[in-house]
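Sequence order for the protein chains is A and B. Using numbering that gives the first Met the number 0, the first residue of the first sequence is number 0, and each one after it goes up by one. Using numbering that gives the first Met the number 0, the first residue of the second sequence is number 0, and each one after it goes up by one.
Hints are computed from structural coordinates only; laboratory data are not their basis. Hints are not guaranteed to be accurate.
Using 20 angstroms as the maximum straight-line C-alpha spacing, the simulated SDA-like pairs for lysine to any residue come out as follows [said to hold, decoys possible]:
#1 A:Lys150 - B:Arg36
#2 B:Lys47 - A:Gly64
#3 A:Lys150 - B:Glu80
#4 A:Lys151 - B:Ala12
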Amino acid sequence: MKLEPLDRRLIIATQSGLPLTPEPYRAIARQLNISPDEVVRRLAAMRESGVLRRIGAVPNHYVLGYRANGMTVWDIDDARVDELGARIGGLAFVSHCYRRPRNPPDWPYNLFAMVHGHDRAECEAYRAELRAILAPACRAEDVLYSSRILKKTG
Amino acid sequence: MMLDETDRRILNALQSGFPLCERPYLAAADALNMSERKLISRLRRMLKDRVLTRFGPLYNADRIGGINVLAAMAVPEADYENVAFIVNAQPEIAHNYRREHRLNMWFVGAGETPERAEAAFRRIEDATSLPVCRFPKEREYFVELRLTV
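This is chain A alone, in the form it adopts within the complex:
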């Protein structure tokens, strides 16, 4: 999908956040020299097409006490990976879920699901829930906990 130049300007104007004023879309419209209706219409269209995932609050996991994150990785039968990926991607405790290429022999895993918890025990409980779903099509699994943030931008 091609983005209209106006959408691009709208993205740039809003990517750091929505103005905290009673009429935020009007504030953006004024900045872009278009009507507030147009702002709302374009955002709704981008939401419809998937360019805009949602408008809302993005919480800081660490500050809220979600200090453990485990990248669970699974070697799932190619014939079933899409069906199972869609299923576990829908679970509330999974933040990201992707199919990625295997890198044999060291890395047989093709399905990645990131889980967040207050501690590792909570992550392990989530991992057990994933295992229960994936087990029939799973040949190998692992979890990689992050022990340090080396760089984080954006």
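Got chain A; can you put chain B on it based on the hints?
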């Protein structure tokens, strides 16, 4: 970080969506049974205290012309800090995490094109003499994370 009941209600409600209308804070505040002014001041405070990373539209980077490629390296412990320095110095590298595995450094190359991320991975390989394993996403099974607080 102290969150009171009002903060929690706001966080739980506004992770999933915010209205597109003339007075969206008023509409959201009505649903939460609080005033518009109170909702705005709470959001402002939670942003200032970093309870919220941001508040507003969340765009899909892939769909607005950007690309992210996950990559990993197996770095010998003795070289770890030096390699982290080299990786972090590349402007295309957005995140870098130490993880407990033989592949112990995991990072994301971001750029407007896949070539930009790839160029950063090549520079890292040249500078460190270590291979970078690329894990580009083939498919995303996306559903938003919702934390209950």
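Going back to the hint list, which numbers does this structure go against? Violated: hints 1 and 4.
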